[in-house]
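Following the hints, complete the assembly by docking chain B onto the known chain A.
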Amino acid sequence: MSAFTGLLRKESLHILRDRRTLFVVIFMPILQVILFGYAIRTDISGIRLAFVDPSPDATTIELRNRFAATDAFRLSRVLPNSGPLDQLFASGAIQEAVVLDNDFANRLARGLPARVLVVADASEPNSGSAMESYAVAVIQGFQRDLAARAGGVQIVAEARMRFNPTRASSNLFVPGLIAFVLTIISALMTAISLTREKETGTMEILLVSPLKPLEIIVGKVLAYVVIGFVSVLLVVAEARLVFAVPLRGSLLLLLGEGLLYILTSLSLGILISSRTSSQRVAMIGALAGTMLPTILLSGFIFPIESMPWPLRAISNIVPAKWFVIIARGIMLKGVGLDYLWQETVILLVMTIVLVAAATRSFRIRLAA
Amino acid sequence: MTTADRSVAIEARDLTRKFGTFTAVDHITFDVAVGEVFGFLGANGAGKTTAIRILTGLLAPTSGTARVAGHDVYTESEWIKRRIGYMSQKFSLYEDLTVAENIRLYGGIYDLTREQVRERTTRMLERLGLEQAIGTQVRALPLGWRQKLAFSVALLHEPSIVFLDEPTSGVDPITRRQFWELIYEAAARGTTVFVTTHYMDEAEYCDRISIMVSGRIEALGTPAALKERFSVDSIDEMFVRLARPTAGIAT
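Here the protein sequences line up with chains A and B, keeping their order. One point on numbering: in this note's numbering, the residue at position 236 of the first sequence is 236, and numbering is uninterrupted. One point on numbering: in this note's numbering, the residue at position 133 of the second sequence is 133, and numbering is uninterrupted.
Next up, chain A with everything else stripped away, as it sits in the complex (with noise of 0.2 Å):
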């Protein structure tokens, strides 16, 4: 019987026993799907629009019967000027007002400029921008098609988010919540059961037996490698079933990465839990230095383009970001390795970088 398939089972056992953490570690990313999905989803639909027009003609009536036909608009007001819009705001009547210029179908005519101003009620940031660019979608498209019929005069921008054209959210989260789940088990799980056999003291027995020390950080990971792997295929199968999110690249290549990832998450773990002699410590310690970045820096939930430079820079060194640039590549875009490389590069030098310092800091532990 080999010391190290001990090992092994012996952690296998810890976890089976505690069928409490098992089972959240198994449903917490199960359950944070539906919730994401669901729950927390910022698409808009039904938002409440003011549209403001002076001088009505057929142009302008053909843009606003466009924003009626959508789903995300109800046209609940039409007004003549933007007199009453404060107090419409204000009172929550309107979401958002598209208010036009006052001779807008005169001057598209005649090829000036038309200005359109959009007003979003931006009290929750969030909707706000969601709405604001929902609404600025509906006036390019109109304008792409004004342009067609006029023979091409004018040039409009395209859409931002190219990849998402029907803005589900979900489509967007995903690839974020494997981050996350990951983070979890691989950096705060991995973390709690190496500072939990050193506040037990299993670990000096460990280390005075002639196990070797990658021998004994091996055996304790393995099984939670295991566990991280199977939680993302149960996100991915899922958000397929559940919420039709698309995989457009390689499964092959997403678990590859996802496997990357999965060390970069366990050194950490590793680490944090090589400064840390309690499990608090190490559960405080995991939170605040892998979730919360994960959650906040790494575009999962919010933009990172939106965010002023500090954080920007900052983002760059969580592996979170990295991860979450090539999941949605490889579900979203399905692109391959070609286009994905310099991100695996980095997250590559971070793991290999983030190894390194764990086992010299578990080393350094071992000697002090």
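Please keep in mind that the hints were generated in silico from the structure rather than gathered at the bench. Values in this document were obtained by computation on a predicted structure and should not be read as measured data. Among the clues, some could well be false.
[Said to hold, decoys possible] For each label pair, taking beta carbons as the anchor points, the in silico distance ranges come out as:
1. ALA356(A) x GLU204(B): 48 to 56 Å
2. ALA288(A) x ARG216(B): 15 to 23 Å
3. PRO173(B) x ARG196(A): 25 to 33 Å
4. ARG196(A) x ARG13(B): 22 to 30 Å
Note that the Cβ used here is the ideal one computed from N, Cα and C, for glycine as well.
Using the frame of chain A, we list chain B on its own:
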């Protein structure tokens, strides 16, 4: 094994360990004979733990020499690890594993065959009167039993030396007494026992003791001889007298 005297289990000469400018272990020199019960005493922060870490191969000394079971602590720590057993003041078994699973795990770590593990498990549990508990998770056992079990598991691979780091802290007097009976049994079978303790009455049970103060060994000898030399009635009294000048220093 070539140069070392076979009757000496542990041999330390001017063993020193510094952490930066702090000298945790300061030129300690002592021998522990095979089969001896050696009490390694000292206040908290006196350097006991550092010394044990050096002797168990976890920490390299800064200077000096030491051989454990005939192996050099600088170059042969892997060999040392195979020859020693260790039990810490914290608990050494996995509470969520059963008695049998714990034993099997340690058997695996020390490369025992399945046959050896089975045979030694039976023998050990018989001796401890724990046959009924073989399938019980360790957390369900009373503390005293756990402690005795942990000691027996540390001896599972029949090490030539066993290091016990405050094995009886937090244990009731009766269990302590029983625990020391196990220590004597092991010593009688030829196992060298290197034990640290805070209980001065336990120090009296040892064949020889050393008392460490601020990294140095200030006294070394049989309990009776030391008591005579310091003209005190108990080891406790002697310990307090030795440790007093630096009693406030603790890490």
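Status of the hints after comparison with the structure:
Between ALA356(A) and GLU204(B) the beta carbon distance is about 50 Å. The supplied range of 48 to 56 Å therefore holds. Separation of ALA288(A) from ARG216(B) is about 43 Å and departs from the stated range, judged on CB atoms against 15 to 23 Å. For the pair PRO173(B) and ARG196(A), the beta carbons lie near 31 Å from each other, so the given range of 25 to 33 Å is met. The beta-carbon spacing between ARG196(A) and ARG13(B), approximately 39 Å, falls outside the hinted interval of 22 to 30 Å.
Hints 2, 4 from the list above are not met by this structure, while the remaining hints are.
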